[in-house]
Amino acid sequence: GQQVMQIPQYQHVQEGEDFTTYCNSSTTLSNIQWYKQRPGGHPVFLIQLVKSGEVKKQKRLTFQFGEAKKNSSLHITATQTTDVGTYFCAMNTGFQKLVFGTGTRLLVSP
Amino acid sequence: EAQVTQNPRYLITVTGKKLTVTCSQNMNHEYMSWYRQDPGLGLRQIYYSMNVEVTDKGDVPEGYKVSRKEKRNFPLILESPSPNQTSLYFCATWGGGETQYFGPGTRLLVL
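Protein chains in written order, with the numbering used here: chain A, 1 to 110; chain B, 1 to 111.
In short, the hints are calculated from the structure, not lab data. Quick caveat, the model's predicted, so the values are computed rather than measured. Honestly, I wouldn't trust all of these hints.
Stated by the list, open to error - Here are some of the chain B residues that sit facing chain A, going by a computed Cβ distance under 10 angstroms:
no.: 1; residue: 4
no.: 2; residue: 33
no.: 3; residue: 37
no.: 4; residue: 41
no.: 5; residue: 45
no.: 6; residue: 48
no.: 7; residue: 52
no.: 8; residue: 72
no.: 9; residue: 83
no.: 10; residue: 87
no.: 11; residue: 90
no.: 12; residue: 92
no.: 13; residue: 102
Unchecked claim - Sample of chain B residues at the chain A side, in silico, Cβ under 8 angstroms:
no.: 14; residue: 43
no.: 15; residue: 99
no.: 16; residue: 103
no.: 17; residue: 104
Where is the CB? At the ideal position from N, CA and C, for every residue including glycine.
With the hints as extra help, turn the sequences into a complete structure.
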């Protein structure tokens with residue numbers, strides 16, 4: 001089946017440092033979604049990218065979709081303790097059937 | 001307020017004892033699905049439903065059953081739970097836009 005690889009698995013940063021997580025697929029993606037899951041919480045939708053080379057920003061978060069639509073990244077500028085959680089990318093294979101990456105757990109120390 | 005509710009939130013049971021985890025949504029969404037989340041594996045889809053009486057297998061359906069008799073409810077049934085079904089379960093709904101809405105999760109331990 002289709003798979004989405006996500007790296008790193010875990011990152012621990014000091015507050016104020018930047019953070020990036022990467023998502024890679026062996027096949028071309030029709031679109032990609034990003035979710036955040038706080039510790040003990042449920043996944044919450046952040047954004048969807050559809051177009052080749054697309055870049056979207058949400059405050060300190062920057063999302064990119066690769067030109068070949070096989071990879072995506074989420075970059076957080078100047079992390080804050082509220083950014084703690086696990087970030088998942090998810091490939092939408094049709095009718096919202098999502099294949100999730102394994103997630104990147106972010107820990108931010110004050 | 002748009003809501004996806006799951007019950008129970010926590011459950012400890014024994015091998016072979018049938019159980020049902022309920023999922024209910026108040027958004028009139030046609031699409032509902034179930035995921036399980038395990039460490040290092042992310043979320044994997046168990047079953048999904050495109051509408052009432054329409055269900056289909058996801059990536060890990062073995063050992064699970066579902067039913068969709070009404071639009072708002074999508075229960076997950078474990079006829080004979082086994083320890084490898086110990087996991088965190090999420091119900092999710094989609095109404096046609098970008099966003100998929102997840103329930104709060106049900107943590108299941110099968111002894």
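Can you verify the interface hint for residue 45 (chain B): is its Cβ closer than 10 angstroms to any Cβ in chain A? holds (7 angstroms)
Does the CB of residue 90 (chain B) sit less than 10 angstroms away from some CB of chain A? holds (6 angstroms)
Interface hint outcome for residue 83 (chain B) [beta carbon to chain A under 10 angstroms]: violated (22 angstroms)
Next item in the hint list is residue 4 (chain B). Is there a CB on chain A closer than 10 angstroms to its CB? holds (9 angstroms)
For the restraint on residue 104 (chain B), tell me whether the closest CB of chain A is nearer than 8 angstroms. The hint holds - residue 104 (chain B) has a Cβ within 8 angstroms of chain A, the shortest such distance being about 5 angstroms.
Restraint: residue 33 (chain B) near chain A, CB-CB cut 10 angstroms. Satisfied or not? holds (8 angstroms)
With chain A as the partner, please determine if residue 72 (chain B) meets the hint condition of a C-beta pair closer than 10 angstroms. violated (17 angstroms)
Next item in the hint list is residue 43 (chain B). Is there a CB on chain A closer than 8 angstroms to its CB? holds (4 angstroms)
Per the CB criterion, is residue 99 (chain B) less than 8 angstroms away from chain A? holds (4 angstroms)
Is the shortest C-beta separation between residue 103 (chain B) and chain A less than 8 angstroms? Check passed: Cβ of residue 103 (chain B) comes within 6 angstroms of chain A, closer than 8 angstroms.
Would you check whether residue 92 (chain B) satisfies its interface hint, that is, whether its CB is within less than 10 angstroms of any CB in chain A? holds (8 angstroms)
Can we keep the residue 41 (chain B) interface hint, with Cβ of chain A closer than 10 angstroms? Status holds, d = 6 angstroms.
Going down the numbered hints, you'll see the structure goes against 7, 8, 9, 10, while the others check out.
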